[in-house]
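Asker: Given next are the chains, with one letter for each unit.
Protein chains: 2
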Amino acid sequence: MWENFVEHKNVEAIMHDKGLAKVGDGLVNFCYSLAKSLALGYLTGEKVRDSVLARAIRATSVYRHMNRRTDAGKAGDAYEAIMAYLWMTEKITISDMVDSLSESLEIDNTTSRKKEGEIAALSFQKFLESNIEHLP
Amino acid sequence: MWENFVEHKNVEAIMHDKGLAKVGDGLVNFCYSLAKSLALGYLTGEKVRDSVLARAIRATSVYRHMNRRTDAGKAGDAYEAIMAYLWMTEKITISDMVDSLSESLEIDNTTSRKKEGEIAALSFQKFLESNIEHLP
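If you read the protein sequences in the order shown, they are chains A and B. The first sequence begins at 159 in our numbering and counts up one residue at a time. The second sequence begins at 159 in our numbering and counts up one residue at a time.
There could be a bad hint or two in this list.
Put simply, identical chains are the same to the list, so a pair is met inside one copy or across any two.
[To be verified] Here are the simulated DSS-like pairs of lysine-lysine, each with C-alpha atoms no more than 25 Å apart in a straight line: (1) Lys249 <-> Lys273; (2) Lys205 <-> Lys176; (3) Lys167 <-> Lys205; (4) Lys272 <-> Lys167; (5) Lys273 <-> Lys167; (6) Lys272 <-> Lys249; (7) Lys167 <-> Lys232; (8) Lys284 <-> Lys272; (9) Lys232 <-> Lys205; (10) Lys232 <-> Lys272; (11) Lys249 <-> Lys232.
Hints are computed from structural coordinates only; laboratory data are not their basis.
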């Protein structure tokens, strides 16, 4: 179904694909909403900030493929693009992502927005690290 | 995984569940982005307006379970809640939704925003109609 959209030869091409980032934005927000719902015990919707995804990707080895002076917006887009790529090539499922994120998402109703961002960044980092092997 | 969140006894309870609507918002936007990407031939991200989903649900038999004076925001939420319910109870998959929406989404780069909304509303209506049997 998605073959024509994911013919990238290397991870740089994935990370700079604006279309993948747009699809990945929806994917990441949806999965984080579900993971947070599991963590809190009630359903919620959430938009993940660029700064959270930027922090996650900067902590992984993938980031050396990007310009060091990349801003948080572009780094966040790169994270989203990679997630879209992995999902569209069927290397990950939404369940995989929700399971992995929720496992390490130790937050509750008293967690501050700042602290939640730090914890979430670590969850997103772990998930990417465990899937780097699937990237070209 | 989601059993505890989808113990609704009737469709009214589903349509008024704010948590389901929040999850459904992400689900609907993600699926529409993918369906629109297939229709246009390039990847894109999209937010579906409440008015589009309101138009879709008002055209189905499900809507008689809602107050007639419900505004577009609440009607859109009801549509999103139903989609979240169907997905969380594994009655539909994301592929089902993308396939069904894209099949009837006859738009291109020249389609106006207004016209796209009308066409999308019809696609969302058809998808809901073909899944009404799965609701309690």
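Asker: Evaluate each hint against the coordinates.
Answerer: Right, here's what the structure says about each hint:
Neither within a single protomer nor between protomers do Lys249 and Lys273 lie at most 25 Å apart by alpha-carbon distance, with minima of 30 Å and 36 Å respectively. In this homomeric assembly, Lys205 and Lys176 come within 25 Å of each other (Cα to Cα) both inside a single copy, at 18 Å, and across copies, at 16 Å. Taking the shortest alpha-carbon separations for Lys167 and Lys205, neither the intra-copy value of 30 Å nor the inter-copy value of 30 Å comes in at or below 25 Å. Taking the shortest alpha-carbon separations for Lys272 and Lys167, neither the intra-copy value of 37 Å nor the inter-copy value of 38 Å comes in at or below 25 Å.
In this assembly of identical chains, Lys273 and Lys167 lie within 25 Å of each other by CA distance neither inside one copy nor across copies; the values are 37 Å within and 37 Å between. Within a single copy, Lys272 and Lys249 get their C-alpha atoms no closer than 31 Å, and across copies no closer than 37 Å, so neither meets the 25 Å cut-off. Only within a single protomer do Lys167 and Lys232 lie at most 25 Å apart by alpha-carbon distance; the minimum there is 20 Å, versus 45 Å between protomers. Taking the closest pair of Cα atoms, Lys284 and Lys272 come within 25 Å of each other only inside a single copy of the chain (19 Å); across copies the shortest separation is 42 Å, beyond that limit.
Proximity of Lys232 to Lys205 under the C-alpha cut-off of 25 Å is found in both arrangements, the shortest distances being 16 Å within a copy and 20 Å between copies. Proximity of Lys232 to Lys272 under the C-alpha cut-off of 25 Å is restricted to the intra-copy arrangement: shortest distance 21 Å within a copy versus 31 Å between copies. With identical chains, the CA atoms of Lys249 and Lys232 are at most 25 Å apart within one copy only, with a shortest distance of 23 Å there and 37 Å across copies.
Hints 1, 3, 4, 5, 6, counting from the list given before, are not met by this structure.
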